[in-house]
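A.B. asks: Residue numbers (the working numbering), protein chains in the order written: chain A, 1 to 149; chain B, 1001 to 1149; chain C, 2001 to 2149; chain D, 3001 to 3149; chain E, 4001 to 4149; chain F, 5001 to 5149; chain G, 6001 to 6149; chain H, 7001 to 7149; chain I, 8001 to 8149; chain J, 9001 to 9149.
Rather than coming from a laboratory, the hints here were simulated on the basis of the structure. Built from N, CA and C at the ideal position, the CB exists for glycine as well. There could be a bad hint or two in this list.
Between beta-carbon pairs, the in silico distance windows are [unchecked claim]: (1) J:Asp9064 - E:Thr4139: 46 to 56 Å; (2) C:Glu2031 - B:Gly1133: 29 to 39 Å; (3) G:Trp6149 - H:Asp7130: 16 to 26 Å; (4) B:Thr1050 - C:Ala2009: 33 to 43 Å; (5) A:Asp64 - C:Trp2149: 48 to 58 Å; (6) A:Trp149 - C:Ala2009: 44 to 54 Å.
Below are the chains, spelled out letter by letter.
There are 10 protein chains.
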Amino acid sequence: MTPIMSKSAAAELVVAARMRKGLTWAAIADEIGAPLVWTTAALLGQHPMTPEQADAVCRLLGLDEAVAESLTLQPARGINPALKSDPTVYRFFEALSVYGPALKELIHEEFGDGIMSAINFKVDISRRPDPEGDRVVVTFDGKFLDYKW
Amino acid sequence: MTPIMSKSAAAELVVAARMRKGLTWAAIADEIGAPLVWTTAALLGQHPMTPEQADAVCRLLGLDEAVAESLTLQPARGINPALKSDPTVYRFFEALSVYGPALKELIHEEFGDGIMSAINFKVDISRRPDPEGDRVVVTFDGKFLDYKW
Amino acid sequence: MTPIMSKSAAAELVVAARMRKGLTWAAIADEIGAPLVWTTAALLGQHPMTPEQADAVCRLLGLDEAVAESLTLQPARGINPALKSDPTVYRFFEALSVYGPALKELIHEEFGDGIMSAINFKVDISRRPDPEGDRVVVTFDGKFLDYKW
Amino acid sequence: MTPIMSKSAAAELVVAARMRKGLTWAAIADEIGAPLVWTTAALLGQHPMTPEQADAVCRLLGLDEAVAESLTLQPARGINPALKSDPTVYRFFEALSVYGPALKELIHEEFGDGIMSAINFKVDISRRPDPEGDRVVVTFDGKFLDYKW
Amino acid sequence: MTPIMSKSAAAELVVAARMRKGLTWAAIADEIGAPLVWTTAALLGQHPMTPEQADAVCRLLGLDEAVAESLTLQPARGINPALKSDPTVYRFFEALSVYGPALKELIHEEFGDGIMSAINFKVDISRRPDPEGDRVVVTFDGKFLDYKW
Amino acid sequence: MTPIMSKSAAAELVVAARMRKGLTWAAIADEIGAPLVWTTAALLGQHPMTPEQADAVCRLLGLDEAVAESLTLQPARGINPALKSDPTVYRFFEALSVYGPALKELIHEEFGDGIMSAINFKVDISRRPDPEGDRVVVTFDGKFLDYKW
Amino acid sequence: MTPIMSKSAAAELVVAARMRKGLTWAAIADEIGAPLVWTTAALLGQHPMTPEQADAVCRLLGLDEAVAESLTLQPARGINPALKSDPTVYRFFEALSVYGPALKELIHEEFGDGIMSAINFKVDISRRPDPEGDRVVVTFDGKFLDYKW
Amino acid sequence: MTPIMSKSAAAELVVAARMRKGLTWAAIADEIGAPLVWTTAALLGQHPMTPEQADAVCRLLGLDEAVAESLTLQPARGINPALKSDPTVYRFFEALSVYGPALKELIHEEFGDGIMSAINFKVDISRRPDPEGDRVVVTFDGKFLDYKW
Amino acid sequence: MTPIMSKSAAAELVVAARMRKGLTWAAIADEIGAPLVWTTAALLGQHPMTPEQADAVCRLLGLDEAVAESLTLQPARGINPALKSDPTVYRFFEALSVYGPALKELIHEEFGDGIMSAINFKVDISRRPDPEGDRVVVTFDGKFLDYKW
Amino acid sequence: MTPIMSKSAAAELVVAARMRKGLTWAAIADEIGAPLVWTTAALLGQHPMTPEQADAVCRLLGLDEAVAESLTLQPARGINPALKSDPTVYRFFEALSVYGPALKELIHEEFGDGIMSAINFKVDISRRPDPEGDRVVVTFDGKFLDYKW
């Protein structure tokens, strides 16, 4: 019996195969008919895939069974702490430092006491052309859950 | 000479006045003709207001000159660490822990090496009705900046 | 305009009044017809009360309007870090250190990929007589939320 | 002489074998006639098993002697810090942040000065059907220990 | 209604009164007929006293009712982090760093899987004359609790 | 030239050999005529052994020269941080959190300004039978050192 | 005897007076004939001023003797940790995270083993017009110190 | 499929080859016609190189294809925390601790509310001869970005 | 009964009085006939003074009884963490980071297994003239204590 | 091309060879005619050696070329954090916690605003015989650097 390949090891192989085959994340998401951010996050180890999805990805990328098995594993979710200070990732955390308390106030004003779910939740990213420089637009969309005893 | 009232002290007075007068953040934003999240963040101490905006807010809320002066002060931006684990705020940080690395991959795929600006940036929040429960929709919209020597 | 009394200052006054009047938390919960753990947590600053609940509590305990106003305030939730190592509180954190990963496995086995909500959630505590020493029984009861895009 | 296989290495092999053989944690617990949460925690490295239990588990899962030896080892108990922020595990810690001080108050009110033991202690988890969504119910049941000089 | 004096404020007054009246901790412990370490710890805020004990102490030290009330309060136990590096306190932590794992091994060898209770527990300190320099002898004496489901 | 085996690697082999040969720590301590806690701590890597002691231990346990060499190495002392939260070890740290400041007061009262040495120091552990449950008794015994310029 | 006003309290008064009188940092630096960054840092509490400088500043800003005395005090230098994550300050720390190791390599290549002094050191800031947006130019200029036994 | 060589592994090989071949960072930068600090940072893993740059560097240093592939990889930027306290690197962080808040004040005075970009940004280092000891001169040059909603 | 003035409050008053009266630390040390570093450390709150020393210091500095009482108090020793990064203090910590492990090796080589006492210990500081710039010479002088069971 | 052996790996081999050959650090320092503490620190990885020094050390200790190459490498200086709490090392850090602020005061009194250099710096250690127990004497000797713009 061998241990299951760790999801981070599988992610490294996915990243290598994707780069060497010149495939985009979007092409992989299309192949399995799943949303773009979800697919990318899943392949980086944050969501379990179904066996069918995992097999399709591995076929496309030329990866073996051990990777596919790992991709179906239930993850322990979370970010590598070192990555939090990567500038591209950090700007999102900075925006939350500046606007997080305001978002809390406005959620309570509009919805009452509760939270935006991070589980019944989706994220999307798109490019918005702008003459002064194109813009990254990221949308967080989560169900409101009220504190309910 | 007395020190300028701290922006956190001013924010506490704004919160108290808003609550006692039964005003919404939206009503205050309307009064000064500024965006909702920006106004809320500014009143919580994250953006300097112009003297005109500060005066208009203080007139509306019945607050004195010292508060207005504080609201125009250049802030030291950031979140109180204790607030990061408030559940309503934490869900945003959790979403970044799960999706931050995927967003980084997709920004690089679409735009190349660079970041979404958190300075040339705006946030919006809205309520999207949904039969299975209304949803909180938060949009981050920042200019793409490429690493440029 | 004066700031609203902080919820921790209000909690200190509630604790003092409760002790000096010889009232139990259960008696206060009965007075407002709310669950015991919810009421205690609310008075310690973790839930907003309705104005009616806040007024009833303050009448019972002989506390003034400023306390009542504070009790209705939307809280920033969370525990004082120093309290985490109090032995009575710490045993709960220790139990999670030992059993948390097992609970995660069993939630995934029984329910699939998702979480126990801490928002649509209730806690109860009771005493179970036992000849070898009575037992503290604490029940966490939260809605299952599946990861749903 | 070779070192004893670490309990985390043994746990990885148990997890892999369980997944590949399509066995549930419940089936393993049944095989050795031990409680479900205890068995899961023990196999994840938090409790020593008797040699008989360890052998029975390894027979069922097709694992060798080295795993069985490891499962009988006295553990150094505790959670991997990275796992604390996994959303499924985190919700339990969040619930303690919100309700821990209230539980402390109520233990002291009902039992006096002391703690709920985390040693003479058991945990159970079950599913409670609910028309608005089934619920995860987790029960902590520990002997009360009073501070006694 | 005024808040109850904090236990740390009460401890400061006890320390001041003890010093100014030239009383020893032993004299105070004798006055209330309680063990020496327990009494000292209680007056420093780590154990609640009975009203009789608190009144006796305050009479002896010339302290008022507010102190006595505070001394009967249920404490949130724990050490001020800054005090952990005071050399006199630190040596105990250092000894645990060096010998803690050995004590764990020997407890398991002699008693099996379990712990020394820190609740059903007493500490004593004494001076042992020694020609090479007198010695501080501290005894921890706690009930063994075995892991018991 | 090969590096010296690390003391933690040597400790793992000692633990494995001791378990497989069914020997107690007490039996090993007897073999080398050294105190029980000292011997256990030394084998776990906290004290250097003399070559004679190291050889005798390795002969008894069937371990090779490389282990013996490592056991004579001067250690870098200290505890693995992960082990501090193991419940059996943690109770000692908790007891210090509760009683450390009281011990400081009493050392100063009895001895003056100074410390209990953690170097000219010994620890003993014993079992004290008690009808209500046997007790773990741990004695710290260190020379008093006064602050002396 | 009253304590000397803390340098942070003095800095708050300087900031308030400067703002209310509509003076720039440059105007203050001119008044005392000292470099711009040095003067600003000194008034924020990072360098002691001579009594003549302190008096001149206080005359200009209308501040009293207590402020002047504080400005001459030897500082304990360092940044308020909360300010490290202010976006304007953070970008400098981020640049060091990205380029710090490269600067180390290049200092060693050009100068040998040693450091750029942060004591025999000056900083300057200027604005460089640029058609694509003006630029902030900050120069660090420190004496090279070689490791010298 | 093998994973891509990590950028830190590639950097170690670059450092070794550079040292053994007696090449300077400046010589490498010249070879690819890129700025000195940029090239050094890129080879230490902080910037992606174009395939042409990576190939030219590897030809010059006698390194194989796997290194070149790694050098073109998009990095996760940031500093190894252990390196922050290396004295040569630390002096830069210390200078920011002393002068960071002053730089913030002066940026706001000169440019208004905003930041120096760390993305549209360049660094240069040079040696300035000085009779009292040559000086290290490091220039940060970043585009000003104003807070713009 | 009032609390005893904290040693940090007493130290602030000593510092203020010393500055306003233009006295050196050396003059104060002379007045009480105690070593220079010891006296300075004691007045900053790290050693208790005898009542005679405390009275003499307060007479010299024009401070009242409350300060004298505080100076005789047994201290909780240790440094304010913010002060650790003050450049003048930090250089000592940096030197230990670089040379600490070498000092450990050399103490063990010369003395065997043990430590330099920090209790039976004195520090001295002096100025050594040097044509290339005068030097700060600090001597740590502590009794060797061997690990002795 | 192989990476250069890390300085910590080289140090482990030096330590092993020194122990097996029965050589003292002093003997090695004599062999290369360098100061004792400098040599020990350099071999533990804190200073680069010249190729001649590195070769002489490796010849004496019977170590190969790869070690010599590593010894000449420019180090990233600093201490392994785990070693800071080793008792022999910790006593130095404790002494700084107690006397660091006093040393800062006395440096400023004697020299003015500035620091003791940790770069233009040397350390020495010696044994001073004393009838009450020999003493460890460690001297820090660094050039004074005044804050100089």
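A.B. asks: Hints first: check each against the structure and report whether it holds.
C.D. replies: For each hint, the structure was consulted:
Here the CB-CB span from Asp9064 of chain J to Thr4139 of chain E is close to 55 Å, well matched to the stated 46 to 56 Å. Here the CB-CB span from Glu2031 of chain C to Gly1133 of chain B is close to 33 Å, well matched to the stated 29 to 39 Å. For Trp6149 of chain G and Asp7130 of chain H, the hinted distance range of 16 to 26 Å is satisfied, since their beta carbons lie about 23 Å from each other. Thr1050 of chain B and Ala2009 of chain C have their C-beta atoms about 34 Å apart, which keeps the hinted 33 to 43 Å range intact.
Here the CB-CB span from Asp64 of chain A to Trp2149 of chain C is close to 28 Å, at odds with the stated 48 to 58 Å. Here the CB-CB span from Trp149 of chain A to Ala2009 of chain C is close to 25 Å, at odds with the stated 44 to 54 Å.
Consistency with the previously given hints fails for numbers 5 and 6, ordered from lowest to highest.
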